[in-house]
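Going line by line, the protein sequences match chains A and B. Once you know that position 3 of the first sequence is 106 in my numbering, the rest is easy, because the numbers rise by one and skip nothing. Once you know that position 163 of the second sequence is 166 in my numbering, the rest is easy, because the numbers rise by one and skip nothing.
Please keep in mind that the hints were generated in silico from the structure rather than gathered at the bench. Hints are not guaranteed to be accurate.
[What the hints assert, rightly or not] With a cut-off of at most 27 Å between alpha-carbon atoms, the simulated DSSO-like pairs for lysine-lysine come out as follows:
#1 B/Lys44 to B/Lys66
#2 B/Lys229 to A/Lys318
#3 A/Lys197 to B/Lys10
#4 B/Lys245 to B/Lys132
#5 A/Lys148 to B/Lys148
#6 B/Lys245 to B/Lys148
#7 B/Lys100 to A/Lys107
#8 A/Lys359 to B/Lys183
#9 A/Lys106 to B/Lys100
#10 A/Lys166 to A/Lys318
#11 B/Lys229 to B/Lys157
#12 A/Lys360 to B/Lys183
#13 A/Lys106 to B/Lys245
#14 B/Lys44 to A/Lys105
#15 B/Lys64 to B/Lys229
#16 A/Lys106 to B/Lys205
#17 B/Lys229 to B/Lys100
#18 B/Lys183 to A/Lys107
#19 B/Lys132 to A/Lys157
#20 A/Lys107 to B/Lys157
#21 B/Lys100 to A/Lys105
#22 A/Lys360 to B/Lys100
#23 B/Lys132 to A/Lys148
#24 A/Lys105 to B/Lys10
#25 B/Lys245 to B/Lys64
#26 B/Lys183 to A/Lys288
#27 B/Lys44 to A/Lys359
What follows is each chain in one-letter form.
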Amino acid sequence: MKKKILFIVALVVLVLWIFPLVWLAITSLKLEEDVLTDVFRIFPKHPTLQNYAKAFSSTYILKWLWNSTVVSVVTMILTLAVDAPIAYAMAKIKFRGRQILFWFVMAGMMIPFQVIIIPLYLQFNSYGLVNTLSAAILPRLALPIGIFILKQFFEGIPDELEEAAFIDGSGRGRIFTTIILPLGKSALATVMILSFINAWNDFLWPLIAISDTAKYTITVGIANFQGVHGTDYSLIMSGAVIASVPQFVFYFIFRKKIVEGIAMTGIKG
Amino acid sequence: MAIPGNKDTRDGVLFSLPFVLIYLFLLVFPIIFGLCISFYKWDILSSRKFIGLGNYISLFKDKTFYTSLWHTFQFVFMTTPILMVAGFLMALFVNSKSLLRGAGENIFFIPYVLSITVIGTLWAWLFQKNYGLFNQLFMLLGHAKVGWLTDPQKAMWSVSAATIWWTAGFNMILFSAGMKQISAEVYESARIDGAGYFRILKDITIPLLRPTIVLCLLLQIIASFKVFGQVFVMTGGGPYGKTRVLIQYIYENGFTYFKMGYSSAMAYVLFLLIMVISVVYYKIMGRDK
Numbered sequence: 104m105k106k107k108i109l110f111i112v113a114l115v116v117l118v119l120w121i122f123p124l125v126w127l128a129i130t131s132l133k134l135e136e137d138v139l140t141d142v143f144r145i146f147p148k149h150p151t152l153q154n155y156a157k158a159f160s161s162t163y164i165l166k167w168l169w170n171s172t173v174v175s176v177v178t179m180i181l182t183l184a185v186d187a188p189i190a191y192a193m194a195k196i197k198f199r200g201r202q203i204l205f206w207f208v209m210a211g212m213m214i215p216f217q218v219i220i221i222p223l224y225l226q227f228n229s230y231g232l233v234n235t236l237s238a239a240i241l242p243r244l245a246l247p248i249g250i251f252i253l254k255q256f257f258e259g260i261p262d263e264l265e266e267a268a269f270i271d272g273s274g275r276g277r278i279f280t281t282i283i284l285p286l287g288k289s290a291l292a293t294v295m296i297l298s299f300i301n302a303w304n305d306f307l308w309p310l311i312a313i314s315d316t317a318k319y320t321i322t323v324g325i326a327n328f329q330g331v332h333g334t335d336y337s338l339i340m341s342g343a344v345i346a347s348v349p350q351f352v353f354y355f356i357f358r359k360k361i362v363e364g365i366a367m368t369g370i371k372g
Numbered sequence: 004m005a006i007p008g009n010k011d012t013r014d015g016v017l018f019s020l021p022f023v024l025i026y027l028f029l030l031v032f033p034i035i036f037g038l039c040i041s042f043y044k045w046d047i048l049s050s051r052k053f054i055g056l057g058n059y060i061s062l063f064k065d066k067t068f069y070t071s072l073w074h075t076f077q078f079v080f081m082t083t084p085i086l087m088v089a090g091f092l093m094a095l096f097v098n099s100k101s102l103l104r105g106a107g108e109n110i111f112f113i114p115y116v117l118s119i120t121v122i123g124t125l126w127a128w129l130f131q132k133n134y135g136l137f138n139q140l141f142m143l144l145g146h147a148k149v150g151w152l153t154d155p156q157k158a159m160w161s162v163s164a165a166t167i168w169w170t171a172g173f174n175m176i177l178f179s180a181g182m183k184q185i186s187a188e189v190y191e192s193a194r195i196d197g198a199g200y201f202r203i204l205k206d207i208t209i210p211l212l213r214p215t216i217v218l219c220l221l222l223q224i225i226a227s228f229k230v231f232g233q234v235f236v237m238t239g240g241g242p243y244g245k246t247r248v249l250i251q252y253i254y255e256n257g258f259t260y261f262k263m264g265y266s267s268a269m270a271y272v273l274f275l276l277i278m279v280i281s282v283v284y285y286k287i288m289g290r291d292k
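Next up, chain B with everything else stripped away, as it sits in the complex (with noise of 0.2 Å):
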């Protein structure tokens, strides 16, 4: 510690309050509300009414919450793995010798930057059934057009392609620092020894990359659980609500029908899943360290 005074306990929490003070206000405080608001009927026109564990009950019984729920998770599963590997691939090449790597970095990581709005905008005219450059481009080599974004087999697909070529680049960031701090040495003696490419792949960089790898694992899953803008500008949720995902669903709960227990109902369950998978996920990887 810097200086011994018997003013620390007063400087202390006088520098420590602004932040506490907003902090309880616009989070602490949300948080219990939230949860109080979850046990009431509460249509903002009329009055509350206490109905104790209703909304959670009559959730477990809402179809649309489980297909929401579904879509969230298949939307998980299809962006997560492919995101880690091309974040992976994208850190390697920018890490190599090519004489693009620096491009390369700028190339990957600019869509990133772009606000989800602009992404949806893009994407689904890339996409537009009709005059779309993807069709045309299929129409031209013979092919039929495809509804990408109209086809219920297809959509969420869509809405993942986007959601990679958009942030693909901020696992790349995460990864390539984490290969940057593998010193040089390493390498050199693993050269020196006879390895090749792929083998110091094997056996260095992956291994000495781990943390950084479950640490963006876990960042992936919990940002992927958390979709919503991109479905919302792309798709509206359709076709046939099926790319409706959890967080549309709570937001249309609120918003538009004005169900705020049962959207707040709805929030705390989405809250729940995602500290268990985090604190399984930490069991699990920190167990064999």
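Isolated chain A (complex conformation) (with noise of 0.2 Å):
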């Protein structure tokens, strides 16, 4: 008995959560009109796409996907050709100064973003940078988190394999690439997802750094979605899905790796 209210307690406590989900889906398929008058019918009466075809058509909502892709997997992948080196070097190379290099970097993991964005602008102002896509993604790419979750995997790795390695001849660099980064696999990926989420959902940068319509990252679009369109919540609410679909994917594909990474390393914002 006490545990059917239990049972029944967490279904409905789950169900609820789910609720402004289920409720932007509906939305999104309701007829512009029938938003305002047909509030509560679950099913709408005149269930449309109509919403989606003129997201499609009357925005760069296609063109703003387009650039978040473009910046998130630019960013997934020179964050990791930058931060995989020297966290192999940090794990397993003796070098004068590492320890120093090291506390170096992860008292970068302490300074939040938002201190910098000033400086950042002005920076790339002055480079002519300023609203292209490469200012939103040359931010993102240090990414001290990344080195930390790679260094304490590859000092995982047995020291032996890159011995034998060594006397059949390799040098460093062929052991980083044939044996380290093969084996490393997992936490890479770790490293990969987190950056990708990361670059994905970044808000403020983009918006400073971006001004031109045509330019903005998915995040900043839906944002300027909701000023232009105030009032027309279906529209919205179908732009709001159209932006989700890529994020929906992309944790049902890698959902073990992405709690993985966040149990491992505890990062936030």
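With the hints as a guide, dock the two chains, each given alone in a separate frame, to form the complex.
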């Protein structure tokens, strides 16, 4: 009996928790005039995809999705390209200043990004990079938390493997690409996913760095959408659905890795 | 260490270089540059003028600065306790034997994956005064409409509610990871000794979870201090500036009024504040270890 009650309570909580998202989808399928008069109908009286058609045809939403994809994918690849080598150096190469370098890099985790938006903007402005996608990408590349994750993982790779390769005459670069990287795949995947999500969900910086509507990322685009189509709720909701689809897909593909990554690091924001 | 070699230092530097260059260029330099800017009167169009601590002094006379700072604190106090408790309860649930635990993990976590603008637009719609779902329900129950986002007394609470829905799942993952590390044997022996559910929770789970709780609380406070996106999307800082938070004021000064120096000074105050809170927090929490 007690178990049954708990089950029902849990079920109710879960249904309520997911409901806002269901409501988002429902609203996006309603006719504009029904949104205001037919509030409580769970299944829209006249279900329609016209909002989606309108979102695609009358806004830059496809362009924004594309921009976000470019920004996130490039950020992800470049982050790995710079994070993995230094993480390897810190984990496996005994060189002078290693400890100092480690603390120097980790201190970067303490700094709120918001502190540097003004100097960064001025910097990018003076290079003429404001209002380009590069501006949205570059500040996200230095990801100290990524180094931390990779370093922890690389340290766990047995030294004997490297030693054997060394004796066979492999250089450090070869060892890195043929032993460390393949063995570190799962840690690399975690860092990739974290940097992808970070870049995709970034809001404040692209809002500042990009002012041309066609160059917006999807997060800025949707915020702008609300400003322009303030009362057209079904259209706004269809835009929000479109903006969320890639994230849903990404989540369901990499579910385990995302959870692992967060559990491992506790990053936020 | 792997292999001893006289090329270690060279290799170490070579492998570290790409990151270090980017780091210096896009993090270290802006931090120093930003500090310099904060000593200048600088509005993009005219040339900059050194005014020493002038920006900081005017900050302390600026009423809007104080109210924005206060709103930020309000937000921290409104969200932190609930987010901690909610995350903890969710973690207990997904670590229980309930048939719904798998669904629970997904449902609680999914909002966190969505971007802040989607969350903001969705909740602005739910909270909409005339046609939003919440007020429609209220009217159905014979209650008057509530100005969730337009009533100065309620707007910050509404923004907080959306935030709680959005990020509680993140804390759930942290707590859940901590709970999974507690060995099953500890629980078993407690159960053999006849301890009940709440006794185990109080005497085993919570004490053993202490490191996770300490970390999670700190991350939560820092994250809440940096609130901006949801406010910007849901209320734009209104009504009457009642939800204008510090980051928004920094943003407005920098990019609406182009007061780069002033804005930078404010960013540094925020930075200092977060630093002080983190250090004090670690001192207090680290003491009774």
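Problem set entry | List of violated hint numbers, smallest to largest | 13, 14, 17, 20, 24 and 27
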